[in-house]
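J.: Sequence:
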Amino acid sequence: MKSYQILLRIVLGNLIMAVAVNMLIVPSHFISGGSTGVALIIQHFTSLPFSWIVSAINGIMFCVGFLFLGKKFAATTLLSTIIYPFFIDITAFLSSVELVRDPLIASIMAGVMMGAGLGMVIESGASTGGMDIPPIILERKLGWNVALLMNIQDLLILSYQLTYSSLEQIICGITFVFITSLSMNQVLTLGKSSLQLMIMSNRSQEIRDLFIHTLDKGLTLFEIEGGYSQKENLAVCALVERKELYLVQKEISAIDPKAFIIVSKVQEVRGQGFKPLKTIDFERKE
Numbered sequence: 015m016k017s018y019q020i021l022l023r024i025v026l027g028n029l030i031m032a033v034a035v036n037m038l039i040v041p042s043h044f045i046s047g048g049s050t051g052v053a054l055i056i057q058h059f060t061s062l063p064f065s066w067i068v069s070a071i072n073g074i075m076f077c078v079g080f081l082f083l084g085k086k087f088a089a090t091t092l093l094s095t096i097i098y099p100f101f102i103d104i105t106a107f108l109s110s111v112e113l114v115r116d117p118l119i120a121s122i123m124a125g126v127m128m129g130a131g132l133g134m135v136i137e138s139g140a141s142t143g144g145m146d147i148p149p150i151i152l153e154r155k156l157g158w159n160v161a162l163l164m165n166i167q168d169l170l171i172l173s174y175q176l177t178y179s180s181l182e183q184i185i186c187g188i189t190f191v192f193i194t195s196l197s198m199n200q201v202l203t204l205g206k207s208s209l210q211l212m213i214m215s216n217r218s219q220e221i222r223d224l225f226i227h228t229l230d231k232g233l234t235l236f237e238i239e240g241g242y243s244q245k246e247n248l249a250v251c252a253l254v255e256r257k258e259l260y261l262v263q264k265e266i267s268a269i270d271p272k273a274f275i276i277v278s279k280v281q282e283v284r285g286q287g288f289k290p291l292k293t294i295d296f297e298r299k300e
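In terms of the working numbering, the sequence shown opens at residue 15 and continues consecutively.
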C-alpha cells in the first residue's frame, strides 16, 4: 500500500470515529470506554466542549507516551493525536442531528462505525493512542499483561459512569463496546481469511506434486498413523483461498476419490506466499 493510501486510511478512520462520537454517542449519552469515556465523565461534571476535553486527554497521553516509550511510538500516534480532536471539533454540529431516536439502534450504529474507524487506523500501521498508552507503558516497563490492563482500565471508566447513568444508557453502552470490538476485528481480518486443508490419502505424494507443480502452493507433510488400519502414512496440510476450494477439491478427487479432507477456516494468514509479516503496535481508542 502506497504512503498516500495509508495516510488516507488513517485520516478516514479518525473521521469515521469522530462522526460516530458526535452524531450517536454524545447525543445518546450512553457509557463508553477509553478516552471517549473519560471525556464523557469530565463533560458530565463540567461545561467544557467535548472536543477540548478530547484534545487535552490525547495531548497529555501523547506527551506521556513520548517520555516513556520514545520517538518511535510517538510517531505512530502523532497523526491521530492531532486529527482526531480536530475532526471531533468540526463535526460537533452533528450532535444536534437526530439520526435515530432509538438509543439501542444508535449504540449498534456507533459500534459499527467506531470499530470500522479503529480497524482502518490500526490496519494502516498507526496507533490511536489515547487512554491505551498507560497500560502499554506498564507492559513495556513492568511486563504486565497489556490486554488485561486495558480491560481493567475500561472497566473502571465504565463503572464510574454507572453511578450517574440510567439502565437504558448502561445497556446501550455495553452493546456499543461489544459491537465496536466485533466490528474492528472484522475490518482487521477483511479479505485475509483463508481455508486450511488437511488431506489424508494413500496417494499423498501425488497430491503433494499437485500443490507444488500444478497449483503452485506450499504445503506441509505430517507423519500420521491410521487409527483403524494402524498403517503409517503422510497427511498433506495446505492453505487455499475460498475461491480456490472447489478447484482444489476437484483436482484432489481426480487423484484419489477416497481422499479424506478436513476444511478449517483460518482467520488470517501472513508470511511467504501470503500478505507479508509486519511489526505493528496494535493499540486502539474508544
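Bear in mind the hints are in silico, worked out from the structure with no lab data behind them. Quick caveat: nothing in here was measured; it's all calculated off a predicted structure. A hint or two may mislead.
Unchecked claim - Below 25 Å or equal to it, Euclidean Cα-Cα: the simulated BS3-like pairs (lysine-lysine) are:
1. Lys231 <-> Lys279
2. Lys272 <-> Lys245
3. Lys272 <-> Lys257
4. Lys245 <-> Lys279
5. Lys257 <-> Lys279
Said to hold, decoys possible - Quick list of simulated restraints, FRET-style, between CB atoms:
6. Glu182 <-> Arg256: 39 to 45 Å
7. Thr60 <-> Pro148: 19 to 25 Å
8. Gly73 <-> Glu112: 29 to 35 Å
9. Phe82 <-> Ile269: 56 to 62 Å
10. Ile74 <-> Phe274: 57 to 63 Å
11. Phe100 <-> Phe274: 32 to 38 Å
12. Glu265 <-> Thr234: 39 to 45 Å
13. Glu239 <-> Lys279: 23 to 29 Å
14. Ile56 <-> Arg256: 45 to 51 Å
Idealized CB from N, CA, C, for every residue including glycine.
J.: Which earlier hints turn out false for this structure, listed by number in ascending order?
T.: 4, 11, 12
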